[in-house]
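Undergrad: Residues per chain, in single letters:
There are 2 protein chains.
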Amino acid sequence: MKKKNSAPTMKDVALEAGVALGTVSKVINGLPVGESYKIRVEEAIRKLDYHVNSYAQGLKANKTYTVALLIPNTYHPYFGKLAYQINLSLLKRKYRMLLCSTEYDPGMEQEYVKMAQQNKVDGIIGLTYNPDLKVDDSIPFVSIDRSLSPHIPCIASDNFAGGQMAAEKLADLGCKNVAFLRIGSSLTNEPNKRKAGFENGCLARNLPYSMKILEDSASIDEFEQFLREHMHNGRLDFDGIFCVTDRIVYDVRKILLKMGIRVPDDVQIIGFDGIKDFGEGDYVCSTIVQPVAEIAEMCVELLLQENMTTKPPLVCLPVTYAYGGTTKEQEYGDENK
Amino acid sequence: MKKKNSAPTMKDVALEAGVALGTVSKVINGLPVGESYKIRVEEAIRKLDYHVNSYAQGLKANKTYTVALLIPNTYHPYFGKLAYQINLSLLKRKYRMLLCSTEYDPGMEQEYVKMAQQNKVDGIIGLTYNPDLKVDDSIPFVSIDRSLSPHIPCIASDNFAGGQMAAEKLADLGCKNVAFLRIGSSLTNEPNKRKAGFENGCLARNLPYSMKILEDSASIDEFEQFLREHMHNGRLDFDGIFCVTDRIVYDVRKILLKMGIRVPDDVQIIGFDGIKDFGEGDYVCSTIVQPVAEIAEMCVELLLQENMTTKPPLVCLPVTYAYGGTTKEQEYGDENK
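Line order of the protein sequences matches chains A and B.
This note's numbering applies: residue 1026 is where the first sequence begins, and numbers increase by one.
This note's numbering applies: residue 1026 is where the second sequence begins, and numbers increase by one.
Just so you know, the hints here were simulated from the structure itself, not pulled from any lab data.
Hints may contain errors.
Remember, identical chains collapse to one label, so a pair may be satisfied in a single copy or spanning two.
25 Å max Cα-Cα, derived PhoX-like pairs, lysine-lysine [as the list claims (entries may be wrong)]: (1) LYS1283 / LYS1237; (2) LYS1119 / LYS1159; (3) LYS1237 / LYS1159; (4) LYS1051 / LYS1088; (5) LYS1119 / LYS1139; (6) LYS1139 / LYS1336; (7) LYS1036 / LYS1139; (8) LYS1088 / LYS1119; (9) LYS1145 / LYS1036.
The whole structure should be built from the sequences, with the hints applied where relevant.
TA: Here it is in structure tokens:
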């Protein structure tokens, strides 16, 4: 008899069904047993409200069906969307996701990797910034936006193509003199290729360009200083700006408003990421859109792929341009209504 | 000797240290052993890079140090912030968090609760919409925004006070005729008290008000119709609007723009939630701010509290008003710079 306040065990199910313990185990694990036995076991499971103890199962199979996601936070709209999509991609495959908010802290990132190893998760997906992050070979790891080692797949947008696309779009929209504004991590990572792509696009289209690259620790005020230095006779030298993220477009628009420069009339701006109002409204600015759902799927697919002897070291996924109010013409056929 | 490609076990540590298995166990579990033994065991742990198998430990202690968070998604800025804050509150207590994106789906919510029980998590925090959600008494559960049963603590903002605050603020800002706009779940839940609070505030201040309450499935166009019905001689009847969420302020502003009504000059608007641009910029509108960090802390605190015979059935946490550009005057002393 099942005691009160104690969850029924496999043994209780066997007793209730009047079968051997091995038969219960076979039914639970989907192995072939006689139909009448199967029915008796399933009835006993229902009657006792027996739940498989996944911890015991995980210990036995050496599988936890759990993946850890390391990401700075979920309140930045890009990270929030990415965490959501990875969660869905894992769910489709019956995997659970541990959310590990790292707050960009290298120590926390390393601690989470260690914790994930201790807890024997089946894999780790990491969007990390620790330049010396140590990752144990024993656990599958997929990195977003940054190559950690040749054995660890890195998944990113095609950042180079995105930068180039921004330059070409500004040229198509009639810009004659453009600027590139960047602030962020000085780590070697995939998003840094946006700069090279943009330069390449400007050169290909004979579009003169200036650059202002700020370090992580810099103040956004330095962009204001840079823009003010490029004011002559009450007009801005630039008629087009490519900002390395939509977040920077947000800051730059505030600076331009203060300076009395109109967007998009005086200067057109393109950002990068594809952030939408409330995660689902309009694009917050004209932007190069990262394919978040595809990035999530690719991360999960490569992470859980067990029969692959060589995993691709770098996967770049195609980006698209979307109109979001900070450029002059609305394009036909874009995603935005 | 430790075999390659296989994690060291407690036995390996005992062999390496030249002590009994029980001694290793005592050191790992912080029980008293002779200092020299302790040093030898710790050295062996370091040398072998031994990690405690948390699965085995969890099985033994019947603890997983894992909490499941059920939330519709992380791309809506309110949910993204809440998931982040709960993650931090759990981390402080050395707990891990399983993120379970439910997409408002009642079936998925129930499945996640079942999954969480099967996986023997130590507790569940849920922001759910399933009217018939079945929650097993055996696992601690804390609900956000909705009472599930008298035995399950419900944590929410003080929504009634927030609605009242919105009415009083509009009165203070000189409004003479106001409207309340709501769309959303018809479930009995805490956010529904915003309406009663608003009515109460209007009555207390002798402020005439109209209401437009839409069901979940309704189109936002019905707000446009309602507002157009209240246009006379090119002017809107209302000089103040309280929207039940910041998300609705976003939609209503677009409608008003189309109608040629200026915000805040012609009509002042207050929302609810406290959403900021990019999760950390300016408030997207003047708003009643939910205390997200405090809600997260209270959820985790009550969930993990084991020595409480009676847990509070409903906890309401204080809200604040913040200026965000859709009201006329910037208040002194608010959160927003």
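Undergrad: Up to 25 Å between alpha-carbons, please classify LYS1139 paired with LYS1336: within, between, both or neither.
TA: within (23 Å within a copy, 35 Å between copies)
Undergrad: As a check of your reading, is LYS1237 near LYS1159 (CA-CA no more than 25 Å) within one copy, between copies, both or neither?
TA: neither (33 Å within a copy, 57 Å between copies)
Undergrad: Classify it for me, LYS1119 with LYS1159: is the Cα-Cα distance of at most 25 Å met within a copy, between copies, both or neither?
TA: Cα proximity of LYS1119 and LYS1159: across copies only (21 Å, versus 28 Å in one copy).
Undergrad: Check LYS1088 against LYS1119 for me: Cα-Cα at most 25 Å, and say if that holds within a copy, between copies, both or neither.
TA: both (12 Å within a copy, 22 Å between copies)
Undergrad: From the Cα coordinates, with 25 Å as the cut-off, is the pair LYS1119 and LYS1139 best called within, between, both, or neither?
TA: For LYS1119 and LYS1139, both the intra-copy (24 Å) and inter-copy (13 Å) Cα distances are at most 25 Å.
Undergrad: How do LYS1145 and LYS1036 come out at 25 Å by Cα distance, when the copy is not named: within, between, both, or neither?
TA: Between copies only: 18 Å across chains, 27 Å inside a chain, cut-off 25 Å.
Undergrad: My question is about LYS1283 and LYS1237: at a cut-off of 25 Å on alpha-carbon distance, are they close within one copy, between copies, both, or neither?
TA: So LYS1283 and LYS1237 pass the 25 Å test inside one copy only (19 Å; across, 38 Å).
Undergrad: Classify it for me, LYS1036 with LYS1139: is the Cα-Cα distance of at most 25 Å met within a copy, between copies, both or neither?
TA: between (36 Å within a copy, 21 Å between copies)
Undergrad: Within a copy, between copies, both or neither: which one fits LYS1051 and LYS1088 at a CA-CA cutoff of 25 Å?
TA: within (18 Å within a copy, 27 Å between copies)
Of the hints listed earlier, the one the structure fails to meet is number 3.
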